[in-house]
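2 protein chains.
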Amino acid sequence: MAQDTDTPIDETTVPQKETLEVDDELLRDLEDLVKSRSDYLVLNIIQDLVPGDIAHILNRLEMADALYVFGMLTNEVASAAVLDLDEPTREHILANLAQDRLTEIVGEMDSDDAADVVGELSDEKAESVLETMNVADSSQVEELLRYDENTAGGLMAKEMAVVSKTDTVKAAIRVVRKLAKEKMHVYNVYVVDESGLFIGAVQLPDLLLHAPNKRVYKIMNADYRSVTPDVDQEEVARIFSKYDIVSLPVTDTAGKLLGRITIDDVVDVLKEEHDEDVARMAGTDSVSVGQRSPTRMALMRLPWVMMTLLLQLIAGVVVHVFDKTLSQVILLASFMPIISAISGNTGLQSAAMIVRGIATGQVDTKRWWLPLRRQLIVTLIIGAACGLVLGLIAGFWHGTPLFGAVVGTSMFIAINFSGMVGTATPMISHSLGFDPAITAGPFETAFQDIIGITVFLSLATAMLQWL
Amino acid sequence: MAQDTDTPIDETTVPQKETLEVDDELLRDLEDLVKSRSDYLVLNIIQDLVPGDIAHILNRLEMADALYVFGMLTNEVASAAVLDLDEPTREHILANLAQDRLTEIVGEMDSDDAADVVGELSDEKAESVLETMNVADSSQVEELLRYDENTAGGLMAKEMAVVSKTDTVKAAIRVVRKLAKEKMHVYNVYVVDESGLFIGAVQLPDLLLHAPNKRVYKIMNADYRSVTPDVDQEEVARIFSKYDIVSLPVTDTAGKLLGRITIDDVVDVLKEEHDEDVARMAGTDSVSVGQRSPTRMALMRLPWVMMTLLLQLIAGVVVHVFDKTLSQVILLASFMPIISAISGNTGLQSAAMIVRGIATGQVDTKRWWLPLRRQLIVTLIIGAACGLVLGLIAGFWHGTPLFGAVVGTSMFIAINFSGMVGTATPMISHSLGFDPAITAGPFETAFQDIIGITVFLSLATAMLQWL
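Heads up: the sequence lines are chains A and B, in that order.
Quick note on our numbering: the first sequence kicks off at -1 and runs consecutively.
Quick note on our numbering: the second sequence kicks off at -1 and runs consecutively.
One or more of the hints may lead you astray.
The list cannot tell twin chains apart, which means a pair is met if one copy fits it or any two copies do.
[To be verified] Computed cross-link-like contacts, EDC-like style, restricted to lysine to aspartate or glutamate with a CA-CA straight-line distance of at most 20 Å:
(1) K240 to D82
(2) K269 to D242
(3) K123 to E106
(4) K364 to E60
(5) K269 to D433
(6) K364 to E233
Keep in mind the hints are simulated off the structure, nothing from the lab.
This is chain A alone, in the form it adopts within the complex (with noise of 0.2 Å):
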């Protein structure tokens, strides 16, 4: 896009300010021109787009209008929009475009994305692709399709500017103007030995700054740090945030460079785990909520539903073996749901702290007592407050101060013991191997309905003479 006249240019700074508005009124505009396959219009509203805003549209159309849309695209623009689009409307163009502009889609694609895309193809299309793309891509797309996608080998590319430690700078800005022309992000130069082995890296700015003459390695980081393909996303993100660096060398366990992980893919992993968690906590496994059909995604939630029923049925269990108690003083029943649900939320609360404490570190499963210790007191304080509170209230209603004593110490019983077992769970998940997130959401609500409920109920039926 660059000028070539000296003319004014002043009239392209307008700063937009608010992309979404645009776009919803774009959208609006652009569905009735697809709906009525206006080709012509609809191509000159989206030459003006970038992949980002066309995937977003993609996304709000129905199936058939985003592949009418998809078929009208450059390989180069339709390979950046098909990155951006929700699960479900790439899965629907992806299975309904034809063997061959599929692969040259792929093609335009760097190596980490096109593995992402194949790995998303049925069987059959992932291998056509790979034999029709050019033998040196589909080598590198088949190397990382290899990979846990989850992983630091999941999340790199093949293309880097790499330079041998005996190179010149002048040789090694000769590499980052090469694959400046194939329109490649490049952060750094990586500097292997002679064997292929990692030894360094080397900002772009800083290759401005020497003589062109330099060997590189004179003017590299040496400390540069580097990861093997094994290492969780998770990790690779806060090795990124820690060493505040915008792209991290993969090598083998030996040392050699396989590949590299930029920045952006860091976004992305964080939007990523963001949606999760978020997720878990709400009970679910996916909060994306895209053109997926309701009918699927009530199917996707079913199971994760049926097991929480089934847990609950539990603390259905644990108010009938109570019912008697419950008979002769019904008042009780009201404090039921408080109880549980002040509890559960105590619980809950102390669960998402631990598993966001694993997540950043500053909690160490080594240490367990150490968060245990602190959670306890938070809970004590906590609990003797609302127990204070819920046991005046109680004691006014039912008139009877013993009535209140019962009420308000089950609450402080209840918080306590809530917290503890919200701290330990994810502790114990995570000791044992598991995702600690996995842990808070519906199985630790039921897991502290159970609690609260069988402290209050029992409590009250070893007062109930008195009552």
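Once you've looked at the hints, dock chain B against the given chain A.
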């Protein structure tokens, strides 16, 4: 860290796999050395660590020990480490540093970080730091302090590579070289016209592609995106990811270049939003564990817990209203916790999806009927399945089909009702200008509890004569 000899440097290449493991062992050794104030040995270890690791260690030490170790750091390392500290540790260290040292450390920072740190100081301290800093730096910091910290203005830094549109590629390289000497990360060179209006950007590798005497405006990207300082930080993150950029210029409404935001700031924003969302779902205001005293944590959480308690009292009152029904058919009490938990769970899931959809732009609140219709189909299916299963269990348990029908129908109605409320509330709060995430969590849960119990006990009361 440039190598100045030709000796083999392969020993630096062994990849270290697990950063945190290393730190944990190191930390224990270090803690002992710090406790015994073994200056030389502590310094020896600290010198080999990057600022990110040092911050991680300081976060875990007791305050007095952290302050002692911090005192050993050079200004350069200290200024980088302080940015990675937990809020309470940073607060303690900043409050206890001598005026001179504080000014030196802030002076080492980029303007955006300097503004963040000065913004956290007491008014008195902030003022004297700004007075003792050099005038150019302090006026930049003062400018940045005027912006809301959750906006583009709060994220941007004043340091950037800027050239005039009539400058040559050679001149642009000179600017980059100068900034690289000051150890600044440069990704793009921004181009302004004679009145300082932003008109485009050049990527660093592109500078290497063109003849030194070419004018920059001929090679710049004139479509390069910019934002005004008031744009929300979530929108900023969305722009980075949509346009696949690593730096974003900030301009005033007239288009005058004010500063730039880099992708590492976006990584910080995403982490912060993650913490906030998880915290809100757990019904608290922060899930950061840190060194914050447990008493303070309890006091911070108490208002939220108390609010939940008062909301839940309404559920208690509802139960009380129906106590005659309950005392006649006490088995109803066993199904109360199940119905309220499952409908609460479904409502929370719907709410989480809508909150996320609004954040990612997938849900357009102006077309509110679309998500509502989708969620209704989902809850109709889930409600039917859960109603059937729970109804069968209840029927067999009580021994009468009618009891099963009451429980099953209540479950069905409560789930659909909760799903609608869960879908509508975040959209309504978004339309009213509130953060939709605030409605997920305890408020949602309390509300759902009330709905579930009311539906269930009303229906049971209506059917009472036949039960």
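Outcome of the hint check:
| no. | hint | in the structure |
| --- | --- | --- |
| 1 | K240 to D82 | between (28 Å within a copy, 8 Å between copies) |
| 2 | K269 to D242 | both (19 Å within a copy, 14 Å between copies) |
| 3 | K123 to E106 | within (17 Å within a copy, 55 Å between copies) |
| 4 | K364 to E60 | between (51 Å within a copy, 18 Å between copies) |
| 5 | K269 to D433 | both (17 Å within a copy, 19 Å between copies) |
| 6 | K364 to E233 | within (18 Å within a copy, 39 Å between copies) |
Checked against the numbered hints listed earlier, the structure breaks none of them; every hint is satisfied.
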